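Peer 1: Here are the chains, one letter per residue:
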Amino acid sequence: MSEIIHAGELVGDNRAAPVAKVRLVKMADFGVGDKPTLAISLVTAVVILAAWWLVSRLGVVPHLFLPRPDEVLRQVGNIYRDGYAGASLADHVSASLFRIVVAALIAIAAGIPLGLLMGLNRWAKGVLDTPIEFYWPLPPLSYLPLMIIWLGIGETSKITLLVLAMFAPICLSAQAGVRSLPLERVNAARALGASRLQLFFHIVMPSALPEILTGIRIALGVGWGTLVAAELIASTRGIGYMIMSASQFLATDVVFVGIGIIAICAFAFGALVRAAEALLVPWKGKL
Amino acid sequence: MLKVDHASVFFAARDGRTVHALDRVSFDIPDEGFVVALGASGCGKSTLLNAIAGFLPLSEGSITLNGRPVTGPGADRGVVFQKDALLPWKSVADNVALGLKFAGVGRRERQERVEDLLQLVGLADFGKAAPYELSGGMRQRVGIARALATDPAILLMDEPFGALDSLTREHMQELLISVWSRTAKKVFFITHSIEEALLLGTQVLVMSPRPGRVVRRFDVDFVRRFVEGGDARPIKTSPEFAELREEIRAILHEGENLRSAA
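Chains A and B, in that order, give the protein sequences. Residue numbers are given in numbering that gives the first Met the number 0: position 261 of the first sequence equals residue 260, and the series is strictly consecutive. Residue numbers are given in numbering that gives the first Met the number 0: position 167 of the second sequence equals residue 166, and the series is strictly consecutive.
For reference, chain A alone in the conformation it holds in the complex (with noise of 0.2 Å):
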């Protein structure tokens, strides 16, 4: 009965009240959560920038060591119009581009096949785990030396030195992402009927690319982070070598200008990898 009365009462609140005036409620978060925070971190840049100007303004900081946003800006402007170091600022920048993305093709090549391998195979596991496993917590800086000496100063050692860094976490990554495919995954293609290629092709890459992208994702941010070193190499060209260049002469604000070109590239590229994600593995983390 009070269930039939409560009902009625309902549809006349409906009728006064539009659906407009609910209060919609959902259960606590904890954390973080999916609250935006963009125009939290637009303010925070807002006053990081603000800070900046006032701090070089009011001359807290020598001049030398901060100049002014609107400086760096300025810098900008005549790098592009006169270039920088004995060369205009697009060539600097199609250097570091070209070293970067010849690096990560050829350690997406390698990286790819042998860390599928290696998650496969059990002698692939045991001889390449031997010489990744050595050199990969090594910082670039370390073995630089050796490859001025082994292979000179020309493009080839720059690029292997990419390569290199680049090239473990998009490998370790390849075979964590065969490590992580269920077995009922395989069982039920393998009660398809699937033979051992199939099972390759259509169970095993399609699992692991989730993982790989990832890799890939990060195996671009140790990329950018080993360019600055590899332009240390008796570079002429390069957004490192200018950045190297320019500290040489004090040149405070262009270090800046390169370091927000860097940034802008790092960014460009990992966006690139998210939207490569977003198209290929829209079913990652799903089933």
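Worth flagging that the hints you see were computed from the coordinates, not collected in a lab. Computed from a prediction, not measured in an experiment: that's the story for all the values here. Note that beta-carbon positions come from the ideal geometry of N, C-alpha and C, so glycine has one too. Heads up, some of the hints might be wrong.
To be verified - Across the chosen pairs, the derived CB separations fall in these ranges:
| hint | chain 1 | residue 1 | chain 2 | residue 2 | range |
| --- | --- | --- | --- | --- | --- |
| 1 | A | Ser194 | B | Gly228 | 42 to 48 Å |
| 2 | B | Gly66 | A | Ser194 | 23 to 29 Å |
| 3 | B | Arg223 | A | Arg195 | 19 to 25 Å |
| 4 | A | Lys283 | B | Glu253 | 33 to 39 Å |
| 5 | B | Gly135 | A | Phe29 | 25 to 31 Å |
Claimed, not checked - Here are the simulated DSBU-like pairs of lysine-lysine, each with C-alpha atoms no more than 30 Å apart in a straight line:
| hint | chain 1 | residue 1 | chain 2 | residue 2 |
| --- | --- | --- | --- | --- |
| 6 | A | Lys283 | B | Lys127 |
| 7 | A | Lys283 | B | Lys89 |
| 8 | A | Lys283 | B | Lys82 |
Based on the hints, put chain B in the right spot on chain A.
Peer 2: Using the frame of chain A, we list chain B on its own:
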């Protein structure tokens, strides 16, 4: 006919001891037979299914399907898993077509066959959907359609409805029985639900753990009435059904008590 003859399985446990998972299990599944293995967890019913599927070799004994010994997995035995094990990067239709693709069946024929199968399991409109967009019951239907695609001699079902809510479960039981009566496949079905075993099976193997073995077998025919009548409720509430249910419950509890006493 599927023939399981004195099948025994011994595992090496992590601590080095030997686990006797399956002890000399023998039974036959005749054509159009629906054999249900019923028991608590650890009774070896999944081990038995894995051996029939060819995922696990036997320590002793043999399994033959239509006279040929089982030596590994193959498309003549369709497996439906407890968790659906669908490929998330493939659409529902492509998941169902997987076995046909492995067998090298052409695209046109695949499409026709998949359409028929999706019709059979009531998912005709969901071919383009992604597996993760479906409910648990719908995913199991895809699993059944996929297992049927290669026209296997037998369906092996490992607690396929164990994770479903009871209402969905009843619908799925009806669906499975209608599929079974229409395709006339042999079925080997695992469950820990006594009611499900009695309702679906033509033969129920009651299993007991440590070592996993068949302690009793019952030939039942409730499923024939189910096929004819199409309503499970009067069958489940009938006195014969209740009597048998209690008898099996007593057997299972006895096994449980023996275990805790040991």
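Peer 1: Each hint: holds or not?
Peer 2: Going through the hints against the structure:
| no. | hint | in the structure |
| --- | --- | --- |
| 1 | A:Ser194 - B:Gly228: 42 to 48 Å | holds, 45 Å |
| 2 | B:Gly66 - A:Ser194: 23 to 29 Å | holds, 24 Å |
| 3 | B:Arg223 - A:Arg195: 19 to 25 Å | violated, 43 Å |
| 4 | A:Lys283 - B:Glu253: 33 to 39 Å | violated, 48 Å |
| 5 | B:Gly135 - A:Phe29: 25 to 31 Å | holds, 26 Å |
| 6 | A:Lys283 - B:Lys127 | holds, 18 Å |
| 7 | A:Lys283 - B:Lys89 | holds, 12 Å |
| 8 | A:Lys283 - B:Lys82 | holds, 18 Å |
When the structure is compared with the earlier hints, violations turn up for hints 3, 4 and for no others.
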